[in-house]
Amino acid sequence: MTVKSTTRARKKAAPGVPDKASAGSAAPELVQLLTPEGERVEHPDYPLTVTPEELRALYRDLVLVRRFDAEATSLQRQGELGLWASLLGQEAAQVGSGRAMRPGDYAFPTYREHGVAWCRDVDPLNLLGMFRGVNNGGWDPNEKNFHLYTIVIGAQTLHATGYAMGITKDGTDDAVIAYFGDGASSQGDVNEAFTFASVYNSPVVFFCQNNQWAISEPTTVQTRIPLYRRASGFGFPGVRVDGNDVLACLAVTRWALDRARTGQGPVLVEAFTYRMGAHTTSDDPTRYRQSEETEAWKAKDPILRLKAHLEKEGLGDEAFFAEVEAESEKLGLRVREGVRSMPDPDPTLIFDHVYTEQHPLVDEERAEYEAYAASFEGEQH
Amino acid sequence: MAGQLSIAKALNGALRKSLENDPKTVLMGEDIGKLGGVFRITDGLQKDFGDDRVMDTPLAESGIMGTAIGLALRGYRPVVEIQFDGFVYPAFDQIVSQLAKMHARALGHVKMPVTVRIPFGGGIGAVEHHSESHEAYFAHTAGLRVVSPSNAHDAHWMLRQAIESDDPVIFLEPKRRYWDKGEVGEDPMLPLHSARIVRPGTDATLIAYGPMVKVCQEAAQAAEEDGRHLEVVDLRSLSPIDFPTLEESLKRTGRGIVVHEAPVFLGLGAELAARLTERCFYHLEAPILRVGGYHAPYPPSRVEETYLPDLDRVLDAVDRALAY
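Sequence lines, in order, name chains A and B. For the first sequence, my numbering begins at 1 and goes up steadily by one. For the second sequence, my numbering begins at 1 and goes up steadily by one.
FYI, nobody ran anything at the bench for these hints, they're computed from the structure. Wrong hints could be hidden among the right ones.
DSSO-like cross-link-like pairs, simulated, lysine-lysine; straight-line CA separation at most 27 Å [as the list claims (entries may be wrong)]: (1) A:Lys169 <-> B:Lys181; (2) B:Lys24 <-> A:Lys144; (3) A:Lys169 <-> B:Lys17; (4) B:Lys47 <-> A:Lys169.
Let the hints inform the model, and build the full structure from the sequences given.
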């Protein structure tokens, strides 16, 4: 009996076959403030007032972030980066949530949060260091309150929760966002983070970008219920938001952060979106998903819908769009040139910062390496 | 701190002092509050410092470690208690991939002043997963410091030094010695990572740490009756290792025997034997021998005495070393 029903559920939720009852369904709980056609709609629980300037600034963010991402993908193809994890399709989820943060708030990203990094004013070139292989992160997390990229899936949600526990001890009104994906929702660490945040009532927003795919595994391999509903079992609210709607992501995340910073505890936000590209430049999505599905999501593009809205409302003229385009060209150039001129580190970097204080073994091995390297000096190559 | 204190009380005093000295020091663990920990190491601390600083946590070791890392990022100095050695494995990723590497990944911009206290080793007649000696995993991991005291004085002072360190420290408490008493002096006497010659000798050097130091001292005492003068070195620090002290001793005695509860295969003794052989080759009269656990899961408690090195097994190795 059980086996039979499991088989049926799996079958129903097969990629490309819409199923309203499954975890992969967007209807009907989705919070949306801007339709795919660019129509502004209201939601009773998440009111949002945005000025034309703010709308244009969000548009600019989305375009520049996409341009940066495209540039990085090209740089990988040209051999300048070893790997790239594209955020294509997820710009609104990242910019909307990133722009909801205050300067004192803190973000704990995965390795795909380039749009959030942009909102936190982290230099895009810093993000490329680890993908080029010149460092394993390397920026100062405390400078922009943006933690290093975390590669082990879900581990950062606990760091975010611990950081939030510290905020509670300090008595400030800062808040934290823990970023993760649909695949990470299965990790023990994520579920432990939910538990800790809940029982300590910590000011952390769990922001899950459900981009439908964990490399080759659809969300139905991770869950039998919509992910946002997981929150109820842990004792805090969960909301599913249209992840391709930058305004909805902004409004819902701002609400969640304000709730967190006023002592009302964590929230799980599930941003329902789609990974338009491959998992990384090493991945081949044609092996596991159908192009019809990707095509269907193209119609929900986060940038096109905001552009349509700006045009429809007369908030952006040709000059504005041309200006953003020109800026994106400049950004692309800066990233290209910056990566190509990024120097390889001195090999003795290996021995730097292993410990904060002296460690005889590291000192000894550094000296051995340096003596070995010096033995080649003066040799003809 | 006049008078004799058990290791358990010495550790408790160290935690109390650390909480008093630094408002950013916080204790985290399972049952460490009202209960005072299953071994009572945190006895009375929550009552005196509050549940904001001495925190009972959910029963999730990865969660404890991961949130301790987050607290450290926020400027706190967490001291984590893992209830038993065998329960640290669920936190392995957070320790070896996150905690140990964070400082290097951030190119030095962040520090991880986290102390992980783990009661380790066997000999208390416990059930499965309560008698593990996993020091090699942690000593093998760059970024971690690993220490283990063998007596009350070191338990107190080494724990205070570990908590003051800006690097993550794995602090292995010899649980079967928790109730052994000793004098706790007024100052630490040694830096955290120095070894100590606890008994001078001339014929061979016994190298041990944590619970095995006492076994080696007893073995040396027994050997004395046969006219053999064994030196005993308490390693104290397993990463880094104080090689100068060991080299000096080996060059005098010409023979070395490493003793630990952990399995011999790829245990700390393997590294000690290899390095000391490289450094003392022309001074050695015999290969450096190892006495330790077997390459088998830690056995049921009724036969653990067979698994654990004891006085006779140490002396048997001494015989073999002297026979070369």
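Consistency of the hints with the structure:
no.: 1; hint: A:Lys169 <-> B:Lys181; in the structure: violated, 37 Å
no.: 2; hint: B:Lys24 <-> A:Lys144; in the structure: holds, 23 Å
no.: 3; hint: A:Lys169 <-> B:Lys17; in the structure: holds, 20 Å
no.: 4; hint: B:Lys47 <-> A:Lys169; in the structure: holds, 18 Å
Hint check: a violation occurs at hint 1 only; the rest are consistent with the structure.
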